[in-house]
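Student: If you want the building blocks of each chain, they are given just below.
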Amino acid sequence: MIAELGLAALWLAAALAGLQLLGGMLGLTRKGEALGRVVRPVAVVQGLLALCAFFCLIYVFAITDLSVKLVALNSHSLKPLIFKIAGAWGNHEGSMLLWVTVMGVAGGFVALIERRLPERTMLATLAGQAFVSLGFYAFLLLSSNPFERLSPVPAEGQGLNPLLQDLGLAFHPPTLYLGYVGLSVAFSFAIGALVTREVGSAFARAMRPWVLAAWIFLTVGITAGSYWAYYELGWGGWWFWDPVENASLMPWLAATALLHSVSVLAARDALRTWTVMLGVVAFSMSMVGTFLVRSGILTSVHAFAVDPERGSFILALLAINIGGALTLFALRAATVSEGARFAPMSREGALVINNVLLCAILGIVLFGTLYPLVAEALGAQVSVGPPYFNPMSALFAVPMLVVLAVGPMLRWRRDDFARIGKSLVIPAMLVVVMSGALVAVADVALLPFLGLLLGVGLAWASVLPLRGRNLRRLPLAVWGMVVAHFGIAVALIGMSSESAFSTEKLVAVEVGEITQVGPWGVKLDRIEPVAGPNWTALEARLLVRYGPDGKVTRLTPQSRTFWAPPQNTSESALLTRWNGQLYAVLGGEGEDGRWQLRLWWKPLVPLIWLGGLLIALGGLLALLGRVATDVRRSIQSDRIAERREGEEKLREDRA
Amino acid sequence: MAIKAKHQRLVLLAVAMVVLIGAAILAIWALRNQASYFYVPREIVASPPEASRAVRLGGMVEQGSIRTLPDGVSIAFVVEDKEARVPVTFRGIVPSLFVEGSGVVAEGHMGSDGTFVADNLLAKHDENYVPREMKDMTGEELQQAMAKGK
Chain A
65 MIAELGLAAL WLAAALAGLQ LLGGMLGLTR KGEALGRVVR PVAVVQGLLA
115 LCAFFCLIYV FAITDLSVKL VALNSHSLKP LIFKIAGAWG NHEGSMLLWV
165 TVMGVAGGFV ALIERRLPER TMLATLAGQA FVSLGFYAFL LLSSNPFERL
215 SPVPAEGQGL NPLLQDLGLA FHPPTLYLGY VGLSVAFSFA IGALVTREVG
265 SAFARAMRPW VLAAWIFLTV GITAGSYWAY YELGWGGWWF WDPVENASLM
315 PWLAATALLH SVSVLAARDA LRTWTVMLGV VAFSMSMVGT FLVRSGILTS
365 VHAFAVDPER GSFILALLAI NIGGALTLFA LRAATVSEGA RFAPMSREGA
415 LVINNVLLCA ILGIVLFGTL YPLVAEALGA QVSVGPPYFN PMSALFAVPM
465 LVVLAVGPML RWRRDDFARI GKSLVIPAML VVVMSGALVA VADVALLPFL
515 GLLLGVGLAW ASVLPLRGRN LRRLPLAVWG MVVAHFGIAV ALIGMSSESA
565 FSTEKLVAVE VGEITQVGPW GVKLDRIEPV AGPNWTALEA RLLVRYGPDG
615 KVTRLTPQSR TFWAPPQNTS ESALLTRWNG QLYAVLGGEG EDGRWQLRLW
665 WKPLVPLIWL GGLLIALGGL LALLGRVATD VRRSIQSDRI AERREGEEKL
715 REDRA
Chain B
164 MAIKAKHQRL VLLAVAMVVL IGAAILAIWA LRNQASYFYV PREIVASPPE
214 ASRAVRLGGM VEQGSIRTLP DGVSIAFVVE DKEARVPVTF RGIVPSLFVE
264 GSGVVAEGHM GSDGTFVADN LLAKHDENYV PREMKDMTGE ELQQAMAKGK
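First to last, the protein sequences are chains A and B.
Remember, my numbering sits 64 above the position in the first sequence when you count from 1.
Remember, my numbering sits 163 above the position in the second sequence when you count from 1.
Check the hints yourself; a few may be wrong.
[Said to hold, decoys possible] Derived SDA-like pairs (lysine to any residue); straight-line CA-CA distance at most 20 Å: (1) A:Lys-569 x B:Ser-215; (2) A:Lys-133 x A:Arg-261; (3) A:Lys-569 x B:Ser-237; (4) A:Lys-569 x B:Glu-213; (5) A:Lys-587 x B:Asp-234; (6) A:Lys-569 x B:Val-280; (7) A:Lys-133 x A:Ile-122; (8) A:Lys-569 x B:Thr-252; (9) A:Lys-133 x A:Thr-260; (10) A:Lys-95 x A:Glu-220; (11) A:Lys-569 x B:Thr-231; (12) A:Lys-569 x B:Gly-255.
[As the list claims (entries may be wrong)] Here are the computed distance ranges between Cβ atoms for each label pair: (13) A:Arg-477 x B:Leu-183: 23 to 33 Å; (14) B:Arg-230 x A:Ile-66: 50 to 60 Å; (15) B:Leu-183 x A:Ala-692: 54 to 64 Å; (16) A:Glu-68 x B:Ser-210: 56 to 66 Å; (17) A:Ala-595 x B:Ile-184: 28 to 38 Å; (18) B:Asp-234 x A:Val-505: 26 to 36 Å; (19) A:Gly-375 x B:Leu-183: 21 to 31 Å; (20) A:Val-527 x B:Leu-183: 26 to 36 Å; (21) B:Ile-184 x A:Asp-480: 23 to 33 Å; (22) A:Val-616 x B:Leu-183: 17 to 27 Å; (23) A:Asn-632 x B:Ser-237: 15 to 25 Å; (24) A:Ala-482 x B:Ile-184: 32 to 42 Å; (25) B:Ile-191 x A:Arg-536: 17 to 27 Å.
For the record, the hints were derived by calculation from the structure and aren't laboratory data.
From the three backbone atoms N, C-alpha and C, an ideal C-beta is built for every residue, glycine too.
Construct the complete structure from the given sequences, taking the supplied hints into account.
Tutor: Take a look at the structure:
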């Protein structure tokens, strides 16, 4: 019953999306103006219906209703409740439902509260949002119905891939999706602005909070995903350049560029067409990512099912949406009048460089991700990995980070390097000292070497914009920028330190034997069996000690066997100290009774994710600052309008 | 620095295009050198890639070929297809579904003595996670793929 309710809600939402598209388009013509008025309420109801469908799906998963095919295929009655719920989006159909839900809710939200733009632009925007949504509704209803029933009803479900039975799954996909799909709002705004040709500061100010919000979720999602892969896969790495990771990185790069160019547009009314273009590109990258992940054409933990029909459906959607938007852009871009001008040496100039370099990195990642597909079409099977991605992205990231150190101190319109040169002396000296120290102490590879230098220099330079300003009265948006840039430095130091100073040890030890990794002494105390709700495991009890006289701590990596579906995973164990992490994985037992242990000591590695969170926090501060300013501004303008009305009344009365 | 104000848009466009096209050319060049190619045993025996090149080798693990080396953490085994066999060494914890008689993809490079040195092994995890190249690699299907001259 609940499943049918969900399906009905979904169909109704799709129908309303159709109405929203129609109303938005007709509303733009003179005759259809009346129809335009229904668009906002329809958008809100559409969002609510999609949300309702999504909750229905969660419900059938929570009660493990095995008559629903999706539940039978992906769930199991013995699973802990949290994983039953998270399992609702841990599969193809559920994740696509999450996608349209986020899209519908975001559209409804825009319709509900966005009042700053001209009504015509809003209509075009909401119509654009409805158009994209319709495609995904069609995809969901026609080829991946999540509420399909199953007959006969099986006695038990097939269970969820154990790799996905983790708290990470509860948070990682929803955050990432909020980010991916949140960018659809920016996309629709860009479409709306192109249709009505109203690209300017007001447009940028309206679009900015949405971009910021989506970008924050993307940042958190990527950070969480990276940490999840780090501890769950047990490979000790935090970024694998896996196509699916790239699929989330590409929208992030585009959104980061968009975030900066939209600021230029809002503050200075420059970079008009470029910003609109990025709005289109950012969400296009989200869709490309979805295509890569969901079409099953790639090898990945995330590729749920291989179904050519779905792949072609998403490809068609992709072609229609991106192709349509780019065509509109090509037709209209030239008619958008040029924005304000600026000197090359200025805040705008630095942001342009940032944008171009971010796009270059985006291109590098996109090429590398798609190349295997192209090669396969030409008859060769290849894969592309770190030997390509690391140096190629660094080639553009290094100059970008240098500009990042300088840019925030420049003034808008026109500036002089001599003015800020002095304040850069200290970070420059830091870099020199650091490089001397590194060369003297350790033999570090080029990339981590550069990373450490840049990280330290940038950490200092990123707080320089605070100098000479009244910290109490500093706008939140500036704080946000400083925190985010500092976060980049922190993450960079973490990444470089991890790759420069990690020590790894792979050994076979007898029970009772002691082994060393970096500054740690590790003793295999005993191996014992343990059991969980739907798995059994062999657990190694390791006693570890930092240095010769540190405190002894216990660490318990496991080798788990799940029975539904039958599968083995290894659960790594982590010990975090202020200066790094000890990482332990238990392997198999050899014929001679020795146990395989894989140990890593990774200095400063937590900084990677701490930095990621700082970046997101910076975004959050900026968002709060912007929203607060907007609210204040709208209250003020209301007051002015009131006063004016009052004065006019007074005048009339006198007359 | 006075760029003629009128032409600013053009200048910006030109700069962006130069950087992006430069990036694209670099990417293509790097991809040709860095992409790691997929080999089956027959191909890798017939024309072994240089030792410096990262490649992947996919095939079946020969029955009875897996043995643990004295250090306890390295293994040696043989990857075969119907026409050729390649000895492989691997140091690390093997994936749990890595067993004799089933498919494997080894990432690594060719050693100078004709042994393939694997850095990573991808075995079939479960129905939902199969290395793409191994999808069809169960006995006869592998044969067919070979017959097609892949």
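Student: All hints are to be evaluated individually against the structure, with a verdict given for each.
Tutor: Now for the hints, and whether the structure bears them out:
1. A distance of roughly 24 Å separates the Cα atoms of Lys-569 (chain A) and Ser-215 (chain B); the hinted pair therefore is violated under the 20 Å criterion.
2. A C-alpha spacing of about 47 Å is found between Lys-133 (chain A) and Arg-261 (chain A), which places the hinted pair above 20 Å, so the restraint is violated.
3. Pair hint Lys-569 (chain A) plus Ser-237 (chain B) holds up; C-alpha atoms about 13 Å apart against a cutoff of 20 Å.
4. A threshold of 20 Å between alpha carbons decides the hint, and for Lys-569 (chain A) with Glu-213 (chain B) the separation of about 28 Å lies outside it, so the pair is violated.
5. Note on Lys-587 (chain A) and Asp-234 (chain B): the hinted pairing holds, with a Cα-Cα distance of about 18 Å set against a maximum of 20 Å.
6. Taking the CA atoms of Lys-569 (chain A) and Val-280 (chain B), the gap is near 18 Å; set against the 20 Å cutoff, the hint holds.
7. Taking the CA atoms of Lys-133 (chain A) and Ile-122 (chain A), the gap is near 14 Å; set against the 20 Å cutoff, the hint holds.
8. For the proposed pair Lys-569 (chain A) and Thr-252 (chain B), the alpha carbon gap of about 18 Å is at most 20 Å, so the pair holds.
9. The suggested pairing of Lys-133 (chain A) with Thr-260 (chain A) is violated, with an alpha-carbon distance near 45 Å, which exceeds 20 Å.
10. The suggested pairing of Lys-95 (chain A) with Glu-220 (chain A) is violated, with an alpha-carbon distance near 58 Å, which exceeds 20 Å.
11. For the hint pairing Lys-569 (chain A) with Thr-231 (chain B), the CA-to-CA distance comes to about 18 Å; that is within 20 Å, so the pair holds.
12. Distance check on the hinted pair: Lys-569 (chain A) and Gly-255 (chain B) sit about 10 Å apart at the alpha-carbon level, within 20 Å; holds.
13. Distance hint check: the CB atoms of Arg-477 (chain A) and Leu-183 (chain B) are about 26 Å apart, consistent with the given range 23 to 33 Å.
14. Distance hint for Arg-230 (chain B) and Ile-66 (chain A): a CB-CB separation of about 55 Å, consistent with the stated range 50 to 60 Å.
15. At roughly 37 Å, the beta-carbon separation of Leu-183 (chain B) and Ala-692 (chain A) lies outside the given 54 to 64 Å, and the hint is violated.
16. Taking the beta carbon of each, Glu-68 (chain A) and Ser-210 (chain B) are about 60 Å apart, inside 56 to 66 Å as hinted.
17. Between Ala-595 (chain A) and Ile-184 (chain B) the beta carbons are some 59 Å apart, a value that contradicts the proposed interval 28 to 38 Å.
18. Range check, Asp-234 (chain B) to Val-505 (chain A): Cβ separation about 31 Å, and the 26 to 36 Å hint holds.
19. Gly-375 (chain A) and Leu-183 (chain B) have their C-beta atoms about 28 Å apart, which keeps the hinted 21 to 31 Å range intact.
20. A hinted range of 26 to 36 Å holds for the C-beta pair Val-527 (chain A) and Leu-183 (chain B), which are about 32 Å apart.
21. A beta carbon spacing of about 31 Å between Ile-184 (chain B) and Asp-480 (chain A) agrees with the range 23 to 33 Å that was offered as a hint.
22. For Val-616 (chain A) and Leu-183 (chain B), the hinted distance range of 17 to 27 Å is not satisfied, since their beta carbons lie about 56 Å from each other.
23. The hinted range of 15 to 25 Å is satisfied by Asn-632 (chain A) and Ser-237 (chain B), whose Cβ atoms lie roughly 21 Å apart.
24. Our hint of 32 to 42 Å for Ala-482 (chain A) and Ile-184 (chain B) holds, since their Cβ atoms are close to 33 Å apart.
25. At about 52 Å, the beta-carbon gap between Ile-191 (chain B) and Arg-536 (chain A) misses the expected band of 17 to 27 Å.
Checked against the numbered hints given earlier, the structure breaks hints 1, 2, 4, 9, 10, 15, 17, 22, 25 and satisfies all the rest.
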